[in-house]
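Model the full structure from these sequences, guided by the hints.
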Amino acid sequence: MPITVVTVTVCLLFAGCRPSATGTAERARAERHSWESTLGLLEQEAARGAVPAEFARQLRQAAEEERRKAQARREGGSEP
Amino acid sequence: MSKLLEIALGLVTGIGGFLEAGSLATSAQAGAEFGYQLIWAIALGAICIAFLVEMGGRLAAVSHHPLPDAMRERFGIRFFLVPLVAVALVSFLVLASEIGGVCLALQFTTGVAFRWWALPVSAALWLFLWKGTFGLVEQGASLLGLVTLSFVVGALKLHPALHQVGAALLPSLPTHDPAKYWFMAVSILGASVSPYLFYFYSAGAVEDDWDEGYLGINRVVAGLGMTFGGAVAVAVLVCAALVLHPRGIQVDRYEQVPFLLTEPLGRWGFRLFAASLAVACFGAALEIALLLAYLVAQGFGWRWGENLRPRHAARFALVYTAALLLAGLVIVTGLDPLKLTIFSMALTALSLPVTVMPLLVLMNDPDYLGDRTNGWLSNAAVLCVSVVAAVVALVTIPLQIFGS
Chain G
-12 MPITVVTVTV CLLFAGCRPS ATGTAERARA ERHSWESTLG LLEQEAARGA
38 VPAEFARQLR QAAEEERRKA QARREGGSEP
Chain R
64 MSKLLEIALG LVTGIGGFLE AGSLATSAQA GAEFGYQLIW AIALGAICIA
114 FLVEMGGRLA AVSHHPLPDA MRERFGIRFF LVPLVAVALV SFLVLASEIG
164 GVCLALQFTT GVAFRWWALP VSAALWLFLW KGTFGLVEQG ASLLGLVTLS
214 FVVGALKLHP ALHQVGAALL PSLPTHDPAK YWFMAVSILG ASVSPYLFYF
264 YSAGAVEDDW DEGYLGINRV VAGLGMTFGG AVAVAVLVCA ALVLHPRGIQ
314 VDRYEQVPFL LTEPLGRWGF RLFAASLAVA CFGAALEIAL LLAYLVAQGF
364 GWRWGENLRP RHAARFALVY TAALLLAGLV IVTGLDPLKL TIFSMALTAL
414 SLPVTVMPLL VLMNDPDYLG DRTNGWLSNA AVLCVSVVAA VVALVTIPLQ
464 IFGS
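Those protein sequence lines, which keep their order, are chains G and R.
Numbered according to the working numbering, the first sequence terminates at residue 67, and the numbering increases by one at each position without gaps.
Numbered according to the working numbering, the second sequence terminates at residue 467, and the numbering increases by one at each position without gaps.
Hints were generated in silico from the structure; no laboratory data involved.
As the structure is a computational prediction, the values presented were derived from the model and not from experiment.
Using N, Cα and C, we set each Cβ at its ideal position, and we do this for glycine too.
Any given hint could be a false lead.
To be verified - If you only want the chain G side, here are some residues facing chain R, beta carbon under 8 Å, derived: (1) H20; (2) S24; (3) T25; (4) L28; (5) E32; (6) G36; (7) A37; (8) V38; (9) P39; (10) E41; (11) F42; (12) A43; (13) Q45; (14) L46; (15) A49; (16) Q58.
To be verified - If you anchor each label on the Cβ, the simulated ranges turn out as follows: (17) E23/G with F363/R: 51 to 59 Å; (18) G174/R with A34/G: 15 to 23 Å; (19) R44/G with G203/R: 29 to 37 Å; (20) E52/G with P234/R: 51 to 59 Å; (21) R19/G with K220/R: 28 to 36 Å.
Below you can see the structure in the form of structure tokens.
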């Protein structure tokens, strides 16, 4: 009996934690904006020589990886 | 050594040793996402860790017992295994995060992917512990850690509105994304109130043969050291609040964090950021690997001591050797160091009651402390923060895992 109660509680908790479609879309928008702004700031800092070219390359690659991950999540159906 | 010099060294240890992967990542994320709003969490964590560090030092100075040894003696081996496993598990995850931090600093400066650095960094840490002494680990790493003061310089150059920073010392409710806000708050508390800090400090006090004559120094070092250390973490948050927050940049990767210093300090900012990340994480990794060895060796009554040659404390040396190797292997897998860091910090907050309660019981036991037992204020402060942090972590961790 206690195991059943714990299992049901955990399932309800996890179900309750599922993101709403609006919340997911908002988060995806914020994530896209965040990476666009990051690349904008990178260009600004690179132009005044504040970041080495090698690091700029790494950050552009990281941004591209994150964009691909976000796209994969959208295509996976977790985002509208 | 004069008492003033001891206090100065203690303060350097507090300031230079406070910032590490956890406090850097959580402060940067919090500032980027919520501006100044979560400064109160850093302040609360710094107060709580100051109490705990003072207690760990007082226990060592008065009872001459290392903390794990006293816990096993007071509660018995069966009960002792619970905090042992909890502290060992969260400390191991934090150790892997710190190694990841050093590797990322090397990746930023060389272009070689961080996972390739994991085993060389583990080997360098191991060599440092194998050949070094306790003083070298504690003071050498902390002296170099003063480079993290560049965040304070950066924050001052960004001209923060000091009245807003001061106002954020009082807790406030989130304006958006409450789940993330509270998750960030507990992650900050987990980073500040890491068990490794007070376990390591207590072991160090025994290693340095403290007696009751050190109680005054202990109080000053714990109070001021952690306050100044907390101020460095606040500086990181302020930089993030002024550089990233207005642009809507969230910290999803460590690669976004160097901007905190490049914006105010230019090209030097990038170098100082890489040096701060590497040195702070390297120093913390040394302390955590050593703590794991202290924990197991003192808990099981083995011969221990960083000042002993490894062949005279073979099992002690074996523990830090194995911990460094395994933590290095975790990073070799390519696990995202930022995610690992943030969740390690939340888990640390979750485990606080298990890791802190036994210390509180010991600190109220006249058999160990005589007439130097805890006052009500320190008991209440530590108890409240630990329980509240654990409850909030219990609620927000599933929300973060399954909600995004």
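Each hint, compared with the structure:
no. : hint                          : verdict
1   : H20                           : holds, 5 Å
2   : S24                           : holds, 4 Å
3   : T25                           : holds, 5 Å
4   : L28                           : holds, 6 Å
5   : E32                           : holds, 5 Å
6   : G36                           : holds, 6 Å
7   : A37                           : holds, 4 Å
8   : V38                           : holds, 5 Å
9   : P39                           : holds, 7 Å
10  : E41                           : holds, 5 Å
11  : F42                           : holds, 5 Å
12  : A43                           : violated, 10 Å
13  : Q45                           : holds, 6 Å
14  : L46                           : holds, 5 Å
15  : A49                           : holds, 5 Å
16  : Q58                           : violated, 15 Å
17  : E23/G with F363/R: 51 to 59 Å : holds, 54 Å
18  : G174/R with A34/G: 15 to 23 Å : holds, 21 Å
19  : R44/G with G203/R: 29 to 37 Å : holds, 34 Å
20  : E52/G with P234/R: 51 to 59 Å : violated, 36 Å
21  : R19/G with K220/R: 28 to 36 Å : holds, 30 Å
In this structure, the hints that do not hold are numbers 12, 16 and 20, in rising order.
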